[in-house]
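Assemble the complex: chain A is given as a structure, and chain B must be docked to it using the hints.
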Amino acid sequence: MAPVPLRETLAAVLGVALGLVLIAYPEAVVRVHTVGRVPGNRRGEYGDDATIPDTWRWAVRVAGVACVAVGLFVGIRLVV
Amino acid sequence: MKHVGLTARMAIAGSILFAFYAVAAVVAMGVFGAPLWLVLVGSVAFVGVQYKLGKWMALRSVRAEDMPKDQYGWIHDRAEHLSNEMGIEKPRLMVARMGVPNAFAVGRKGAGTVVVSEELIRLLDRDELEGVLAHELAHIANRDVVMMVLGQGVASIVAILAQWAVLLTGDNDIADFFLAIVVGQITQMLVMIFVLAISRYREYVADSDAADAIGGGDPLARALEKISHGNEQSSDSRVDENVNALCIFGQERGLAKLFSTHPPTEKRIERLRR
Numbered sequence: 001m002a003p004v005p006l007r008e009t010l011a012a013v014l015g016v017a018l019g020l021v022l023i024a025y026p027e028a029v030v031r032v033h034t035v036g037r038v039p040g041n042r043r044g045e046y047g048d049d050a051t052i053p054d055t056w057r058w059a060v061r062v063a064g065v066a067c068v069a070v071g072l073f074v075g076i077r078l079v080v
Numbered sequence: 001m002k003h004v005g006l007t008a009r010m011a012i013a014g015s016i017l018f019a020f021y022a023v024a025a026v027v028a029m030g031v032f033g034a035p036l037w038l039v040l041v042g043s044v045a046f047v048g049v050q051y052k053l054g055k056w057m058a059l060r061s062v063r064a065e066d067m068p069k070d071q072y073g074w075i076h077d078r079a080e081h082l083s084n085e086m087g088i089e090k091p092r093l094m095v096a097r098m099g100v101p102n103a104f105a106v107g108r109k110g111a112g113t114v115v116v117s118e119e120l121i122r123l124l125d126r127d128e129l130e131g132v133l134a135h136e137l138a139h140i141a142n143r144d145v146v147m148m149v150l151g152q153g154v155a156s157i158v159a160i161l162a163q164w165a166v167l168l169t170g171d172n173d174i175a176d177f178f179l180a181i182v183v184g185q186i187t188q189m190l191v192m193i194f195v196l197a198i199s200r201y202r203e204y205v206a207d208s209d210a211a212d213a214i215g216g217g218d219p220l221a222r223a224l225e226k227i228s229h230g231n232e233q234s235s236d237s238r239v240d241e242n243v244n245a246l247c248i249f250g251q252e253r254g255l256a257k258l259f260s261t262h263p264p265t266e267k268r269i270e271r272l273r274r
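The listed protein sequences derive, respectively, from chains A and B. Start counting the first sequence at 1; every next residue gets the next number (this note's numbering). Start counting the second sequence at 1; every next residue gets the next number (this note's numbering).
Careful, some of the hints might be misleading.
[Stated by the list, open to error] Not everything, but these chain A residues come out facing chain B in the computed CB check (under 10 Å):
#1 R7
#2 E8
#3 A12
#4 L14
#5 G15
#6 Y25
#7 E27
#8 H33
#9 T34
#10 V35
#11 R37
#12 G71
#13 V74
#14 R77
If you are wondering where the hints come from, they were derived from the structure by calculation, not from laboratory data. These figures come from a predicted structure and were not determined experimentally. No residue lacks a Cβ here, since even glycine has one placed at the ideal position from N, Cα and C.
Looking at chain A on its own, in the form it has when it is part of the complex:
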């Protein structure tokens, strides 16, 4: 039995997992990249986490779908 290529397997598994996180939690993902760079609450209301514009939310989700697609592509290439 041939050894499982570790990097390709990691790329497939982690890629799909990251993609699902991007689709499910777009606001959290934007926050991870903006906290400390811009005040987190300058958009939302006082005392709450910042809300993000819909365009950002959907852009992150599209990136998530792309991530899942590339992850699946790498995974299928491994199996086939």
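Frame of chain A; chain B shown alone:
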């Protein structure tokens, strides 16, 4: 010591962040052959640029203007008084039309700026607004803004190095490029979990300092209540709820909680009234 809990938690979280950074520095020196001085100078420059750029972008994005003393004289007076109480220089006060009641602080001790939205000034009574001001001044006094910039800086440096380490040790295959991007993103998220935990705790500390400065937590608790009730009733909020309904998971549940910058408002109100 004023905040023993904060100091202890900061020491633990700071050590973890430093450990992440130390690993990244060793990787930079090992994989890229970078000398230690270059790693240190590069890191300081990276964080410095983020700090300067972040402050400039924040003020520009809300079109903040200097708060006129003739119109908002009492806010200037209260800010002066509270700053003296907290042992910091009075920060620059700015006002902006943000469309929602809001306020935030940028900068550091001696070069801080507090921006208050016109909507917040209209919504709150004077003592409630004083509570909000005290909370923002506490963020400057406790160096919270600088701490968040440092945390984000460490997370970004570690993520960039993880990404390049994967890329440079691979075969330039599509799977390697993709793995490098994915590892960079996941690394940044993992480090930011610690940074955001610090952020949530520092909100409680700023609330506590604000309560000390104004002689009680009730005004700030009332301010938070007013804003959150307004949020529930506003039509904008209904739009947000519709958008949130499209989410697969609620934003305040599960994993999203780990990536929250603020603790739940109800918990803050409860602590302020204790």
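Hint check results:
A distance limit of 10 Å between C-beta atoms decides the matter here; for R7(A) the minimum to chain B is near 6 Å, and the interface restraint holds. About 5 Å separates the beta-carbon of E8(A) from the nearest beta-carbon of chain B, less than 10 Å, and the hint is met. Taking 10 Å as the C-beta cut-off, the interface hint given for A12(A) holds, the closest approach to chain B being about 8 Å. A hinted interface residue such as L14(A) counts as satisfied when its beta carbon comes closer than 10 Å to some beta carbon of chain B; here the least separation is about 5 Å, so the hint holds.
Checking G15(A) against chain B: minimum C-beta separation of about 5 Å stays under 10 Å; hint holds. Satisfaction of the interface hint for Y25(A) is found here, the shortest Cβ-Cβ separation to chain B being roughly 5 Å, below the 10 Å cut-off. Taking 10 Å as the C-beta contact cut-off toward chain B, the hint placing E27(A) at the interface holds, the least distance being around 5 Å. For H33(A), the shortest C-beta to C-beta distance to chain B is roughly 7 Å, which falls under 10 Å, so the interface hint holds.
A cut of 10 Å between beta carbons decides the hint on T34(A): the least distance to chain B is about 8 Å, and the hint holds. Residue-level restraint check for V35(A) holds (minimum Cβ-Cβ distance to chain B is 6 Å; threshold 10 Å). Given hint, R37(A) at the interface with chain B, holds; its Cβ is 5 Å from that chain's nearest Cβ, closer than 10 Å. A distance limit of 10 Å between C-beta atoms decides the matter here; for G71(A) the minimum to chain B is near 8 Å, and the interface restraint holds.
A distance limit of 10 Å between C-beta atoms decides the matter here; for V74(A) the minimum to chain B is near 5 Å, and the interface restraint holds. The beta carbon of R77(A) is positioned within 10 Å of a beta carbon in chain B (closest approach about 8 Å), and the interface hint is therefore held.
Checked against the numbered hints above, the structure violates none of them.
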